[in-house]
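**Q** Sequence:
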Amino acid sequence: MKIIDVSKHNGIINWNYVKAAGVEGVIIRAGYGRHISQKDSRFEANYSGALAAGLHVGAYWYSYADNPADAKTEAEVFLEAIKGKKFDLPVYFDIEEQKHVKAGRTMCTAMTEAFCSTVEKAGYFTGVYSFDSFFTTNLYPDISKKYTCWVARIGGKPKNIHDMWQYSWKEKIKGINGETDVNNCYKDFPSIIVKAKLNGYGAETKYKVTAHVSGVDKLNADKIAKACSEMGMTVVTEEV
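Under the numbering used here, the residues of the sequence shown are numbered 238 to 477, in order.
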C-alpha cells in the first residue's frame with residue numbers, strides 16, 4: 238500500500254488528485270509538543286479532505302519530550318487533538334530530534350513506552366516512527382514487539398523490524414506542491430483496526446432514555462404506555 242505523510246508544511250492539498258495519483262493512504266501530523274495550541278494548523282482540513290477522497294488515514298505526533306513525564310503529557314494532548322475521529326491506519330509517536338539521539342537508549346525507550354502505552358490504553362493501535370539507525374541505537378528491541386514500527390531509511394530497506402518503510406522524502410505527487418514523504422506499508426492495518434474496534438471504530442455508544450408524561454387521561458395514558466412498551470421501554474403508570 239502506498240502511503241504518504243503530511244503536515245502543514247505541505248500546504249493546501251488537492252486530495253482527489255492525490256488519490257488519482259495512486260496514493261492509498263496518509264499519515265497526518267496532528268501536532269507536536271506538550272500543548273494543544275501546537276496542534277497542526279492543517280490537521281482538520283487534511284483529515285476531512287483525505288477521508289472525502291477515500292483514502293485510509295492515520296495520524297502522528299512529533300515529540301520534543303525530555304523525559305517520560307513529558308512524553309505522557311504529549312500523549313494526552315495528542316488524544317485531545319484526535320478525539321472523535323476514526324483512523325484505519327495506526328497512530329504514531331514520532332521521536333527523532335537530535336536531543337533524543339543524545340538521550341540514549343534507556344531514556345528514549347522509556348519516553349516511547351510512556352507515550353505509546355498511554356495512547357494504547359485509550360483504545361488506539363499505536364506505533365513508533367523514527368529513522369533506522371535510531372531504532373538500532375536508541376530503542377530497545379522490545380519496543381518493536383509491543384508496537385508497530387514505521388522506519389525511515391533512504392537508499393535501502395531498513396535493517397530493523399518494520400511494518401511501514403519511509404523510502405523517500407522527495408517524491409512528486411500530483412495535488413501537492415513541492416516534495417512529499419512516501420512510504421510502503423506491508424500490513425493490512427484497515428482490516429485489523431476495524432475488526433478490533435480500535436482507533437474510534439469501537440462499539441456504538443448506547444443511550445438511556447427516560448420519558449415522563451403527566452396530565453393525560455387514562456385512555457391516553459394506556460396508549461402511551463403500550464407504545465413505549467413496544468419500543469422496549471420499562472413503563473410505570475400511576476395516578477397523580
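One should not assume that every hint holds.
As the list claims (entries may be wrong) - Here are the computed lysine-lysine pairs in the DSS-like style, where the Cα-Cα straight-line distance is at most 25 Å:
1) Lys-245 with Lys-320
2) Lys-323 with Lys-394
3) Lys-383 with Lys-434
4) Lys-382 with Lys-394
5) Lys-424 with Lys-455
6) Lys-245 with Lys-309
7) Lys-322 with Lys-358
8) Lys-256 with Lys-323
9) Lys-396 with Lys-434
10) Lys-424 with Lys-434
11) Lys-407 with Lys-245
12) Lys-411 with Lys-245
13) Lys-383 with Lys-396
14) Lys-309 with Lys-239
15) Lys-409 with Lys-256
16) Lys-382 with Lys-256
17) Lys-256 with Lys-407
18) Lys-411 with Lys-383
19) Lys-383 with Lys-320
20) Lys-432 with Lys-239
21) Lys-245 with Lys-336
22) Lys-382 with Lys-409
23) Lys-411 with Lys-256
24) Lys-322 with Lys-394
25) Lys-358 with Lys-432
26) Lys-383 with Lys-358
27) Lys-383 with Lys-323
28) Lys-358 with Lys-409
29) Lys-394 with Lys-383
30) Lys-320 with Lys-336
Calculated directly from the structure, the hints in this document are not laboratory data.
**Q** All hints are to be evaluated individually against the structure, with a verdict given for each.
**A** Evaluated hints:
Proximity of Lys-245 to Lys-320 is assessed by CA-CA distance (about 19 Å); at most 25 Å being required, the pair is judged to hold. For the proposed pair Lys-323 and Lys-394, the alpha carbon gap of about 30 Å is over 25 Å, so the pair is violated. A C-alpha spacing of about 18 Å is found between Lys-383 and Lys-434, which places the hinted pair at or below 25 Å, so the restraint holds. The suggested pairing of Lys-382 with Lys-394 holds, with an alpha-carbon distance near 19 Å, which does not exceed 25 Å.
At most 25 Å may separate the alpha-carbon atoms for a hinted pair to count; Lys-424 and Lys-455 exceed this at roughly 63 Å. For the hint linking Lys-245 to Lys-309, the alpha-carbon distance of about 24 Å falls within 25 Å, and the restraint holds. Under the criterion of a C-alpha separation no larger than 25 Å, the hint pairing Lys-322 with Lys-358 is consistent with the structure, at around 16 Å. For the given pair, Lys-256 sits about 19 Å from Lys-323 by alpha-carbon distance, which is consistent with the 25 Å threshold.
Annotation: proposed proximity of Lys-396 to Lys-434 is violated, straight-line Cα distance about 31 Å (limit 25 Å). Taking the CA atoms of Lys-424 and Lys-434, the gap is about 17 Å. The hint holds against a cut of 25 Å. Between Lys-407 and Lys-245, the direct Cα distance comes to roughly 16 Å. Compliance with the 25 Å bound is thereby established for this hinted pair. A hinted pair counts as satisfied when its Cα atoms are at most 25 Å apart, and Lys-411 with Lys-245 qualifies at roughly 17 Å.
A threshold of 25 Å between alpha carbons decides the hint, and for Lys-383 with Lys-396 the separation of about 18 Å falls inside it, so the pair holds. Proposed proximity of Lys-309 and Lys-239 is contradicted: the alpha carbons are some 31 Å apart, above 25 Å. Between Lys-409 and Lys-256 the alpha-carbon distance is near 13 Å, which keeps this suggested pair within the 25 Å criterion. Our distance criterion of 25 Å between C-alpha atoms is broken by Lys-382 and Lys-256, whose separation comes to about 32 Å.
The straight-line distance between the Cα atoms of Lys-256 and Lys-407 is roughly 18 Å, inside the 25 Å bound, and the hint therefore holds. Simply put, Lys-411 and Lys-383 have alpha-carbon atoms about 36 Å apart, too far for the 25 Å limit, and the pair is violated. Among the hinted pairs, Lys-383 with Lys-320 is consistent with the structure: their alpha-carbon atoms are about 23 Å apart, no more than 25 Å. Proximity of Lys-432 to Lys-239 is assessed by CA-CA distance (about 22 Å); at most 25 Å being required, the pair is judged to hold.
About 23 Å separates the Cα atoms of Lys-245 and Lys-336, which keeps this hinted pair within 25 Å; it holds. In summary, the hint linking Lys-382 to Lys-409 is not supported, as the alpha carbons are separated by about 34 Å, beyond the 25 Å threshold. For the proposed pair Lys-411 and Lys-256, the alpha carbon gap of about 9 Å is at most 25 Å, so the pair holds. Between the alpha carbons of Lys-322 and Lys-394 the distance comes to roughly 32 Å, so the proposed pair goes past 25 Å and is violated.
Restraint check: the Cα-Cα separation between Lys-358 and Lys-432 comes to about 17 Å, which is no more than 25 Å; the hinted pair holds. In summary, the hint linking Lys-383 to Lys-358 is supported, as the alpha carbons are separated by about 13 Å, within the 25 Å threshold. Restraint check: the Cα-Cα separation between Lys-383 and Lys-323 comes to about 22 Å, which is no more than 25 Å; the hinted pair holds. For the hint pairing Lys-358 with Lys-409, the CA-to-CA distance comes to about 37 Å; that exceeds 25 Å, so the pair is violated.
With a C-alpha separation of about 21 Å, the suggested pairing of Lys-394 with Lys-383 holds against the 25 Å cut-off. Of the pairs offered as hints, the one joining Lys-320 and Lys-336 is violated, with about 29 Å between alpha carbons and a cut-off of 25 Å exceeded.
Going down the numbered hints, you'll see the structure goes against 2, 5, 9, 14, 16, 18, 22, 24, 28, 30, while the others check out.
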